[in-house]
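Start from the sequences, fold in the hints, and give me the full structure.
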Amino acid sequence: MGHRLRTFAPFAPFAFFVVINVFATSARAQAPANTPPYTPPKLANGQPDIQGIWQVLDTAAWDLLDHGASLGVPAGRGVVPGNEIPYKPEALAKKRENAEKRATLDPESRCFLSGVPRITFMPFPFQIVQQADKVNILYEYNHTIRQIYMNGNPHPEGHIDWWMGDSRGRWDGNTLVIDSVDFGEETWFDRAGDYHSDELHVVERYTPISPYHLRYDVTIEDPKVFTRPWNISAILYRRIDPNVELLEYECYAYQLENEFTKK
Amino acid sequence: MKTIIPIVLILMLPALVSAQAIFNPKDWPEGKEGPGAKAWAGVRAKLPPFTAPRTPDGQPDLQGRWGGTWSGDQIEEIPKFLDVTTPPWESWVSDPADGKLPYKHWALAERIAHREGLGREVWSKDPSIHLYYDPQAFCMKAVPRYSQRGYELVQTKDTVIMMLNWGHIYRVIPLDNRPRPSADTRMWMGSARGHFEGDTLVIETTNLNGKMWLDSAGNFIGPNAKVSERIRLVSATQLDYSATIDDPETFTRPFTLNAPQRRQRAADEKDPYAAESWEHACHEGNGEHEQQIKQLGFKWYLPPASPAK
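Residue numbers (numbering that gives the first Met the number 0), protein chains in the order written: chain C, 0 to 262; chain V, 0 to 308.
Source of the hints: derived by calculation from the structure; they are not laboratory data. Check each hint, because a few of them may be wrong.
Said to hold, decoys possible - Quick list of in silico lysine to aspartate or glutamate cross-link-like pairs, EDC-like style, CA-CA up to 20 Å: (1) V:210 <-> C:247; (2) C:93 <-> C:105; (3) C:133 <-> V:270; (4) V:156 <-> C:89; (5) C:100 <-> C:89; (6) V:269 <-> C:132; (7) C:41 <-> V:56.
Given below as structure tokens:
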């Protein structure tokens, strides 16, 4: 049982940044080097400006790994370097069971909040809004909000079971680095049954590589489920369609209306 | 996971308590009504003139965390104690002056049916008396009812963003008067376009789907309503919020809701997290509630067809 008692530990911010830096180095080492250097515009407060509406173009919502097509499922190259998720043997069996029973087990089938990083890969746009001490990410899917605090507070004392976790951010040069913990066990990574435990620790790095692209590097750590940390690397595309704006995909409202009105 | 539901309930508690305080009829002075639109107009009239500070982009700076407006229970006058959450209260309707919603005959009949169908007077478990449950019970909001809860307002050069902690509802309001989606593109929160008139943020919302009530007492607007909100700083800590609803299919004339929104202050200034918005996962813990509503015979609310159409 998690508890919500929070005490301010003065040394905690230091520990938090040490952890981030370890992962930052490993994610950079694996980043593709085939894009020319790019310097994003800056906001008046000096932060890199990565605001705007973004969306993935890959098929990782269906499966983070390489996969062929089936009815309603587009084929796609995966977003996991090495194309392997290092499950422990018993965890791999659970992933396979999840995939088989996806119709009832997938939290998406009940329109629950997607978790991280699954929300990024949902085939819907999202908008980044920056403030001096917080980055907000607004997702069209289920009107989800992530508020990434950069106010100096470390993760609150936990464990807390949250669907979208507790996210703390910082800028590493032009890269937005987000460290998230305090996840529950109920969210998945994709529609192929890839999953995690409440020990999930996610580090995301959003790096502008052109005015229209962010490289999205993620390190996933969960010692209950995986034998080692593993990475995701994908591209986020800026939506520049005329009049593009976030609309609505109110998943549970549509589902409940169907349930209540079916004959 | 077993721990999620209690945490969701704990997180909802402050919202429930702040929106629905508990009042003891014995302690409520005879003839007293809680402050609504008229009381607010009186307070506002006594405030010294105030000019909003400006953002670096030159806009009136309305940013911050704001507390909600009406209680959400009933926007018209509540003349007598209904229960301990619902004491006598002044109307939030500032226009017409009588504080009543100017329903057309057919629409008033609908509103009466909505309220009777809630079964609130008797709290019966008999499904035959039930019609619709308050649609907000399904973790949804619409314009203007979202404003009953607190939100954080953030401005960029070309948008105003409002983020409710309740149910992670948000609005992104473009300020560039871009074309709206077609009239058959309907959304719970509608399509909003904003602009500044002097110190006042004006937001016009259309393309609503009409599936949300104005309050939990069955008051409603139709899907073709146009909602014009005006938001202005009247002091460093207070916004004057009004919403004018123009819906000639449902009402004989436009009407206006008016209420203050107050800058939120941390309950505990020493708590470094007090000004943060933490997750309010509403739907995820709501399954049992949804099943109960269904078992009590409530139907899903869909906007009634207007006879004018």
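Now the hints, each set against the structure:
no., hint, in the structure
1, V:210 <-> C:247, "holds (14 Å)"
2, C:93 <-> C:105, "holds (13 Å)"
3, C:133 <-> V:270, "holds (18 Å)"
4, V:156 <-> C:89, "violated (52 Å)"
5, C:100 <-> C:89, "holds (17 Å)"
6, V:269 <-> C:132, "holds (18 Å)"
7, C:41 <-> V:56, "holds (15 Å)"
Hint 4 from the earlier list is the only one contradicted by this structure; the remaining hints agree with it.
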